[in-house]
Structure formats: C-alpha cells, structure tokens
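In order, the protein sequence lines correspond to chains A and B.
Positions 1 to 115 (the numbering used here) are the ones given, in order, by the first sequence.
Positions 116 to 228 (the numbering used here) are the ones given, in order, by the second sequence.
Please note: incorrect hints may appear among the correct ones.
Each computed PhoX-like pair below joins lysine-lysine, with the alpha-carbon atoms no more than 25 Å apart [to be verified]: (1) K14(A) / K194(B); (2) K57(A) / K160(B); (3) K103(A) / K157(B); (4) K194(B) / K78(A); (5) K157(B) / K194(B); (6) K194(B) / K57(A); (7) K11(A) / K160(B); (8) K157(B) / K11(A); (9) K103(A) / K57(A); (10) K103(A) / K14(A); (11) K78(A) / K14(A); (12) K78(A) / K57(A); (13) K160(B) / K194(B); (14) K11(A) / K57(A); (15) K117(B) / K160(B); (16) K117(B) / K103(A).
Hints were generated in silico from the structure; no laboratory data involved.
These figures come from a predicted structure and were not determined experimentally.
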Amino acid sequence: GAGVSQSPRYKVAKRGQDVALRCDPISGHVSLFWYQQALGQGPEFLTYFQNEAQLDKSGLPSDRFFAERPEGSVSTLKIQRTQQEDSAVYLCASSLEGRPQEKLFFGSGTQLSVL
Amino acid sequence: RKEVEQDPGPFNVPEGATVAFNCTYSNSASQSFFWYRQDCRKEPKLLMSVYSSGNEDGRFTAQLNRASQYISLLIRDSKLSDSATYLCAVNSPGAGNNRKLIWGLGTSLAVNP
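The shape of chain B in the complex, shown without the other chains (with noise of 0.2 Å):
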C-alpha cells in the first residue's frame, strides 16, 4: 500500500456542481496535511492546510478524519478556472524530519460549460 493513496480520477463535472475529494494515508504518526493545486505544467501551489476541527476558504472546505486516516477537500459551485490536478501531502515523521512531504499521484479534475 503506498504512503498516501488518492483517486487519480479523472473528474469531469459541470459548472456549478459540488465535488469531493478524498486521500488516505497510511502513517497514523502524521501530524500535516495539506491539498495542492497543480495546473498542467506548472509548480504545485497551496490550496489549504488541513486541520483537525476542519477548515473551509471560500467554496473549499477541507476535513480530516484521523480515525480512518484520510482528508477531504470539497469545492462548491465549481468554476471553469478550478480545472486543475488536486494534490494531497502528508507529512511523514521520522528520522528526525517531520517536514518530509509525501504526496499523492493527484486528482484530474475538469470542469466542463
């Protein structure tokens, strides 16, 4: 099982529609959270930390569940502009680097008139 595991997608949806994401992770150590927006041949950008009590920016909100060890990002009322690769990253503790990030392979989204 890799480190962390997100579904690569594609998803296609409408404008306007409600999309979730999720990402699970497989070191229970893990103590950062993050979600990356990654447009085609660009660097990855922050989106939003993940925080235990959840929190939400604008149309994204982002979850973490550590029970079952995995975080979500929703996005509403979903724009054209929000076409992009999802990008989870977890911090993985241990030989004394906790700012090590792992990352999933993303997740495509496309949003379509």
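Bound-form chain A, shown alone (with noise of 0.2 Å):
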C-alpha cells in the first residue's frame, strides 16, 4: 500500500475486554514498530519486529499486550482484560531495513478508550 494502515482507528472498550490492533505495513518493509502514545506524552516503545521474528518486546507494559507477525508483513497487537490505564494511542511503524538510521513510516494510529 501506499503507507502503514492501521484498523480500527478508533476502539472504545469495556474495562475486561480483550482488543486486537493491527497494523498493515508498507509493502516490502522488514522491520515493524509498535509505540504507545498517551495524551501530552512521547510515544513509548513496545516491541519490535524484523520479518516474523519479535526482537524485542521489553516494552511491553504487561503479560495482558501480546503481539505477532506471523508472516512478516501484518501484524496484531492484542490486548487481553483491558484496563483503563491502557487508554492510549498505539502507533505502528515500519522501515525499510531495520538500520537504525532509516526513516519511521508511521499509521495514523488507533485511538483506543477503556471505559
């Protein structure tokens, strides 16, 4: 596609309840970002992925975020018993490569409420 995709763009969920996000990269793109964002702050690095294989998921707040690619491109970030602190915007990115110079390509985002 033309540049990263994201679905829903909006989610309002019932604290409990499990959510899923996903992220449609640019085509051709091996490395894949997810960032938490909350109102007034940076966004806050979650994991990352190069093709299919989680590098790195420190970020991850809690073992309720999980996240795959199982086939290199798409990927999902679910989050299970939703929380109200988890009331974010969570921002996918890709780059081309994965060098750690390369421009971020972000989504518009998915604006998620927990009420």
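Assembling the complex is the task here: the two chains are given apart, and the hints tell you how they should meet.
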C-alpha cells in the first residue's frame, strides 16, 4: 500500500474486554514497531519485529499485551482484559531494512478508550 | 532523570521569528538522533535526521553536541504552518536492539500571525 495502515481508527472497550489492533506496514518493509502514546506524552516503545521475528518486546507493559507478525507483514497487537490505564493511541511504524538511521513511517494510530 | 528530555513549551512566536529547541539525552552510546513533527491528533512524521556534522534543510537546521549530549533544532523565518509539536527521538542501544527509539515529551510551537 501507499502507507502504513492501522485499524480500527478508534476502539472503545469496556474494562476487562480483549481487543486486537491491526497494522499493515508498507509492502516490503522488514522492520515493524509498535508504540504507545498517552495524551501529552511522547511515544513509548512497546515491541519490534524484523520480518516475523519479534526481536524486542521489552516495552510491553504486562503479560496482558501480546504482539505477533506471523508472516512477516501484517501485525496484530492484542491486549487482554483491558484496563483504564491502557487508554492511549497505539502507533505502528515500519522501516525498509531496520538500520538505526532509517526513517520510520507511522500509521495514523488506533485510539483506544477503555471505559 | 528521563532518558530523553525536552522543554514542553509552549513556545508562542510571531511569524518570521527564529526559534530553537533543545533535547538532552542520557545514554552516551546513542548513535541515531531525529526530529519528528506531530500535528494534533496525527501521527509523527520525520522532519530531520541529525548528523554529527549538523545538517540543514531549508529553514530548518539540526545540530548534535555529543560532549554535552544534546541535539537542537533551529527554525528560521517561522510560518503559521510550522505550528505543531516537535518530538526528538534517540536510539537506545542495548539488549541487541539498537533500533529502539526513546522519545521526548515533545515541544509545542504556536506561530502567531
């Protein structure tokens, strides 16, 4: 596609509900990142994939958060038993090769509100 | 101390003014530095990578000071369309992943007519 696509754009969940957020990176991009951005804050790193391999998941806040990229393209971030503190914008970004100086292309994000 | 720190502002400047932002980082092993721009309710977009020798792109100049561990962004002849939040991002080497970026809170800029 032309850019990184994320869905849904908005998600409202009741506390305790499970949610799944989808990211479709730019075709051919090897690296994929998930970030969490709370209101008035900068993005916080969650996890990083190189193709289908999850190389770093050190930023996932708890074991309720799980991410996968089984075929090295589309990725899903799943949050189980959502809590109010999970409310944030979840940003997905991709880059062509994953070199440190490479530009990241971000999707528009999924705004999650947990009631 | 946070790994990456920015003055959140807001900076309110008139059109045509020159404005500068700084961003300090704590990890001396960091190698990659960026300025991103984020408009309200939008995703971050890369404004400039920051190179050791400094770099310029039109009205924008980025500098890196490794000794003092900060990066700067200078905007000359500011336009109304420059109003946005400016985020600095620094890579955090370690644990085998030097692609992990640590972000500042962002500096809010409002350019007024």
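Taking the hints in turn, this is what the structure says about them:
1. Simply put, K14(A) and K194(B) have alpha-carbon atoms about 43 Å apart, too far for the 25 Å limit, and the pair is violated.
2. Distance check on the hinted pair: K57(A) and K160(B) sit about 23 Å apart at the alpha-carbon level, within 25 Å; holds.
3. This hinted pair checks out: K103(A) and K157(B) have alpha carbons roughly 17 Å apart, not beyond 25 Å.
4. A C-alpha spacing of about 41 Å is found between K194(B) and K78(A), which places the hinted pair above 25 Å, so the restraint is violated.
5. Annotation: proposed proximity of K157(B) to K194(B) holds, straight-line Cα distance about 19 Å (limit 25 Å).
6. With a C-alpha separation of about 40 Å, the suggested pair K194(B) and K57(A) falls outside the 25 Å cut-off, and the hint is violated.
7. The hinted pair formed by K11(A) and K160(B) meets the criterion: a straight-line CA distance of about 23 Å does not exceed 25 Å.
8. For a cut-off of 25 Å, the pair hint linking K157(B) to K11(A) stands: about 16 Å separates their Cα positions.
9. Between K103(A) and K57(A), the direct Cα distance comes to roughly 21 Å. Compliance with the 25 Å bound is thereby established for this hinted pair.
10. A distance of roughly 36 Å separates the Cα atoms of K103(A) and K14(A); the hinted pair therefore is violated under the 25 Å criterion.
11. At most 25 Å may separate the alpha-carbon atoms for a hinted pair to count; K78(A) and K14(A) meet this at roughly 15 Å.
12. As the CA atoms of K78(A) and K57(A) are separated by approximately 13 Å, the hinted pair is consistent with the 25 Å bound.
13. Restraint check for K160(B) and K194(B): the C-alpha separation of about 18 Å stays at or below 25 Å, so the hint holds.
14. Simply put, K11(A) and K57(A) have alpha-carbon atoms about 23 Å apart, close enough for the 25 Å limit, and the pair holds.
15. Distance check on the hinted pair: K117(B) and K160(B) sit about 23 Å apart at the alpha-carbon level, within 25 Å; holds.
16. Pair hint K117(B) plus K103(A) holds up; C-alpha atoms about 24 Å apart against a cutoff of 25 Å.
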